[in-house]
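In case it helps, the UniProt record's numbering puts the sequence shown at residues 1 to 114.
Please keep in mind that the hints were generated in silico from the structure rather than gathered at the bench.
All C-beta atoms, glycine included, are put in the ideal place defined by N, C-alpha and C.
Take the hints with a grain of salt, since some may be wrong.
To be verified - For each label pair, taking beta carbons as the anchor points, the in silico distance ranges come out as: (1) G90 to E25: 14 to 24 Å; (2) E17 to N86: 41 to 51 Å; (3) E17 to S51: 37 to 47 Å; (4) Q92 to I18: 33 to 43 Å; (5) L26 to H58: 11 to 21 Å.
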Amino acid sequence: MDKTSHFDTEALAMLEEIMEDEFPELIQVFIADSDPRVPAMQSGLDERSSSILRDIAHSFKGASSNLSALPLADLCFQVEEKARDNNLDGIQPLITAIDAEYQSVKSILMSLIK
Numbered sequence: 001m002d003k004t005s006h007f008d009t010e011a012l013a014m015l016e017e018i019m020e021d022e023f024p025e026l027i028q029v030f031i032a033d034s035d036p037r038v039p040a041m042q043s044g045l046d047e048r049s050s051s052i053l054r055d056i057a058h059s060f061k062g063a064s065s066n067l068s069a070l071p072l073a074d075l076c077f078q079v080e081e082k083a084r085d086n087n088l089d090g091i092q093p094l095i096t097a098i099d100a101e102y103q104s105v106k107s108i109l110m111s112l113i114k
């Protein structure tokens, strides 16, 4: 899987260099925190709750940005903005895209710490 389409690879390499031995733990914490986010976003949409969607998308955006997963962060930003505007139309395809992008990001990150 090509890292360059899912990450700012220079920033990710710098983070790995700075974190040194703590990098695997950072990845594990990110994954543990992120795994429930897509189902939670789906629940928020099913409940038609803009505030749940906005909050989850905002925190997922930040966590993704911290690991240089910029396409994932951008998708989360789009959900956050729509939810902030109370516009839930078009969010389902974004959640589907977030799920697919997150699975790719997760796979790449796991390969970095094995």
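Verification of the hints:
1. Judged by the Cβ atoms, the range 14 to 24 Å given for G90 and E25 is violated: they are separated by roughly 36 Å.
2. Remark: the range hint 41 to 51 Å for E17 to N86 is upheld by a beta-carbon distance near 42 Å.
3. Our hint of 37 to 47 Å for E17 and S51 holds, since their Cβ atoms are close to 38 Å apart.
4. Between Q92 and I18 the beta carbon distance is about 38 Å. The supplied range of 33 to 43 Å therefore holds.
5. For the pair L26 and H58, the supplied restraint of 11 to 21 Å holds, since their beta-carbon distance comes to about 20 Å.
Going down the numbered hints, you'll see the structure goes against just number 1.
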